[in-house]
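Which chain is which? The protein sequence lines are A and B, in order. Position one of the first sequence corresponds to residue 14 (the numbering used here), numbered consecutively onward. Position one of the second sequence corresponds to residue 7 (the numbering used here), numbered consecutively onward.
Do not rely on the hints blindly, as some may be mistaken.
Stated by the list, open to error - Residues from chain A shown here face chain B by an in silico Cβ test under 8 Å; the list is partial:
no., residue
1, Ser60
2, Gly67
3, Arg68
4, Thr71
5, Tyr101
6, Lys104
7, Ile130
8, Thr132
9, Gly137
As the list claims (entries may be wrong) - Simulated restraints on C-beta separations:
no., chain 1, residue 1, chain 2, residue 2, range
10, B, Ser304, A, Gln190, 48 to 58 Å
11, B, Asp242, A, Asp126, 30 to 40 Å
12, A, Leu98, B, Gly184, 35 to 45 Å
13, B, Ala103, A, Gly100, 17 to 27 Å
14, B, Pro241, A, Met80, 54 to 64 Å
Unchecked claim - Computed cross-link-like contacts, DSS-like style, restricted to lysine-lysine with a CA-CA straight-line distance of at most 27 Å:
no., chain 1, residue 1, chain 2, residue 2
15, A, Lys92, B, Lys282
16, B, Lys238, B, Lys282
17, A, Lys186, A, Lys82
18, A, Lys92, A, Lys82
19, B, Lys238, A, Lys92
Hints in this document: simulated from the structure, not taken from any laboratory. All values derive from a computational prediction rather than experimental measurement. Heads up, the beta-carbon is just placed ideally off N, CA and C, and yes, glycines get one too.
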Amino acid sequence: MSTRRFILAVVFLSVTAFATTVVPASVERLTAQSTHVTLARAIDNRSLWDASHGRIYTLTRFQAVRMMKGSLPTIFTVKRLGGHLDGYNMKVAGVREWQPGDNTVLFLQPDVDGNFIVTGLMQGDFRVVRSSAGVLTVNNGVRGARQLDASGQLTDFQGSRMSLNELEQRVRKAAAQ
Amino acid sequence: MKRAATHGRLISIALSICAIALGLSLPAFPYLPMYTRSTSGSAQADHWDLNAFPLTYSVNPSLGSNFTGGGDPIQIVGASFNTWTSAPNTAVAISRAPDTTVHSAAFDGVNLICFICQDKSSFGGTTDTLAVTITTTSDAAGQDTKHGTGSTAAGQILDADIEFNPGVQWSTGLTVTGNQQHLQTVAAHEIGHFFGLDHSAVVRAVMFPFAPDVSTTLSYDDVAGISLLYPKGMPDVATGSIAGTVTLQGGAAVFGAHVFADSISTNLPFGSNIRKSAIGTMSRPDGTYNIDGVPADSYTVTAEPLDDPVTDSDISGYASAFGKGSVQINFGTHWH
Numbered sequence: 014m015s016t017r018r019f020i021l022a023v024v025f026l027s028v029t030a031f032a033t034t035v036v037p038a039s040v041e042r043l044t045a046q047s048t049h050v051t052l053a054r055a056i057d058n059r060s061l062w063d064a065s066h067g068r069i070y071t072l073t074r075f076q077a078v079r080m081m082k083g084s085l086p087t088i089f090t091v092k093r094l095g096g097h098l099d100g101y102n103m104k105v106a107g108v109r110e111w112q113p114g115d116n117t118v119l120f121l122q123p124d125v126d127g128n129f130i131v132t133g134l135m136q137g138d139f140r141v142v143r144s145s146a147g148v149l150t151v152n153n154g155v156r157g158a159r160q161l162d163a164s165g166q167l168t169d170f171q172g173s174r175m176s177l178n179e180l181e182q183r184v185r186k187a188a189a190q
Numbered sequence: 007m008k009r010a011a012t013h014g015r016l017i018s019i020a021l022s023i024c025a026i027a028l029g030l031s032l033p034a035f036p037y038l039p040m041y042t043r044s045t046s047g048s049a050q051a052d053h054w055d056l057n058a059f060p061l062t063y064s065v066n067p068s069l070g071s072n073f074t075g076g077g078d079p080i081q082i083v084g085a086s087f088n089t090w091t092s093a094p095n096t097a098v099a100i101s102r103a104p105d106t107t108v109h110s111a112a113f114d115g116v117n118l119i120c121f122i123c124q125d126k127s128s129f130g131g132t133t134d135t136l137a138v139t140i141t142t143t144s145d146a147a148g149q150d151t152k153h154g155t156g157s158t159a160a161g162q163i164l165d166a167d168i169e170f171n172p173g174v175q176w177s178t179g180l181t182v183t184g185n186q187q188h189l190q191t192v193a194a195h196e197i198g199h200f201f202g203l204d205h206s207a208v209v210r211a212v213m214f215p216f217a218p219d220v221s222t223t224l225s226y227d228d229v230a231g232i233s234l235l236y237p238k239g240m241p242d243v244a245t246g247s248i249a250g251t252v253t254l255q256g257g258a259a260v261f262g263a264h265v266f267a268d269s270i271s272t273n274l275p276f277g278s279n280i281r282k283s284a285i286g287t288m289s290r291p292d293g294t295y296n297i298d299g300v301p302a303d304s305y306t307v308t309a310e311p312l313d314d315p316v317t318d319s320d321i322s323g324y325a326s327a328f329g330k331g332s333v334q335i336n337f338g339t340h341w342h
């Protein structure tokens with residue numbers, strides 16, 4: 014982040030975030046809210062209409078690579094609202110799609126239909142990328158922010174960018190509590 | 007003024023400002039709308055076709071005890087729509103249709119505003135998701151619009167629904183306390199999505215992904231976005247365009263650089279009701295960019311990687327709409 018932009022961020026940011034509109038949740042909070050947390054690799058996508066033909070859902074099959082909380086079958090399915098089907102494109106602002114081969118740490122809750130949903134939409138979806146230094150890092154697109162309150166006090170919010178190793182340690186510690 | 011800020015490895019960028027002139031015609035991809043990838047593979051800016059069918063919204067008026075502060079949530083949503091429709095240089099109108107009992111977003115011809123929305127999957131099972139906007143666009147012309155007509159083009163918005171999380175404590179007043187969220191602030195942002203705008207990387211914009219607790223007025227960046235999607239025939243304020251190409255040293259085009267124009271004066275060409283901010287855009291796959299909707303003023307132009315606090319993740323459809331996996335961030339920030 015450039016110095017100039019950092020200064021702007023300090024002045025104007027608050028801890029309320031829009032991304033569709035979310036309040037940033039810590040790894041520990043996401044862990045507590047989720048029944049399952051796993052490193053997973055996307056296999057394929059399939060979009061379908063709901064029974065009323067009003068909502069498009071996309072079912073993404075994942076291969077569980079390493080469980081961090083709970084237990085899942087090797088192949089499991091995550092359902093998200095939105096997708097492309099029959100010439101229509103339904104989207105939830107700020108929510109990303111998965112492409113086959115994407116690696117991500119997923120914070121999950123069971124849905125009523127036997128599939129899973131991602132806790133907090135994009136917040137529970139930490140994409141895994143390899144940094145230029147060769148370190149596997151994760152982020153969920155919900156960035157760190159600093160709040161300047163009315164008294165002039167600066168408060169840091171812990172951002173989501175971290176190493177995969179740190180994320181895993183924090184998840185396992187939170188899950189054990 | 008010319009400054010350069012580089013970090014680490016070779017990160018040289020050549021940014022050429024090709025033109026700054028008033029009255030230039032609109033480019034294909036102004037500002038930061040959401041995008042739909044058409045069946046022919048091109049990226050089309052999401053927008054309502056205002057000639058296709060009447061643009062309305064319907065409110066499900068059911069409310070819970072989680073709304074406090076003395077204001078009327080329905081009037082607040084109406085005021086938030088007015089914030090956008092009354093923006094300078096903007097010609098978009100929306101009216102309130104009869105109320106509805108629908109309580110779930112769907113592509114059904116009803117643009118729903120819902121305060122008691124119970125679909126777990128919409129909010130990801132938490133109260134940390136305050137609200138969501140779900141839009142449906144067509145991938146091509148001729149799709150059923152649910153209004154008895156066919157869609158006119160790829161990217162045409164056919165339906166948009168805003169769901170407010172019923173588990174959130176909403177403030178309908180002027181301020182927030184404790185764990186409250188400010189309804190009008192959130193509504194203003196969501197309505198930007200309703201009209202087709204994606205997140206902006208300009209810090210002071212309503213469409214910036216992170217916002218103050220209370221912020222209900224548009225910024226210059228928001229005005230540029232909405233007025234370019236829905237331009238007024240006779241603009242209130244003359245604006246122009248800054249165009250150029252972002253390349254790495256050696257000439258390789260940079261895709262997805264955030265390029266913004268920042269005024270260096272204290273002029274207020276949009277008046278005092280619009281918060282002065284930079285006006286930004288993203289570079290296309292060939293490195294070209296157009297910063298449109300720029301009022302007459304003196305500017306610095308900056309190209310920067312989208313690497314925090316806003317990232318590729320916050321602009322969910324931009325890279326994929328151009329058939330790319332992500333935007334480029336392998337360069338440093340440069341000012342011109």
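Hints, one by one, checked against the model:
1. Ser60: It is violated, given that the least Cβ distance between Ser60 (chain A) and chain B is near 12 Å, above 8 Å.
2. Gly67: With a minimum Cβ separation of about 3 Å from chain B (threshold 8 Å), the hint on Gly67 (chain A) holds.
3. Arg68: 5 Å, holds
4. Thr71: 11 Å, violated
5. Tyr101: 6 Å, holds
6. Lys104: 6 Å, holds
7. Ile130: 5 Å, holds
8. Thr132: 6 Å, holds
9. Gly137: Where the cut-off is 8 Å and the nearest Cβ of chain B is about 7 Å from Gly137 (chain A), the hint holds.
10. B:Ser304 with A:Gln190: 48 to 58 Å: 56 Å, holds
11. B:Asp242 with A:Asp126: 30 to 40 Å: Because 51 Å falls outside the window, the suggested range is violated.
12. A:Leu98 with B:Gly184: 35 to 45 Å: The hinted range 35 to 45 Å holds for Leu98 (chain A) and Gly184 (chain B), with Cβ atoms some 42 Å apart.
13. B:Ala103 with A:Gly100: 17 to 27 Å: At 25 Å between Cβs, range holds.
14. B:Pro241 with A:Met80: 54 to 64 Å: For Met80 (chain A) against Pro241 (chain B), whose Cβ atoms are near 57 Å apart, the range 54 to 64 Å holds.
15. A:Lys92 with B:Lys282: Roughly 41 Å between the alpha carbons, so the hint for Lys92 (chain A) and Lys282 (chain B) is violated.
16. B:Lys238 with B:Lys282: 21 Å, holds
17. A:Lys186 with A:Lys82: 10 Å, holds
18. A:Lys92 with A:Lys82: 19 Å, holds
19. B:Lys238 with A:Lys92: 41 Å, violated
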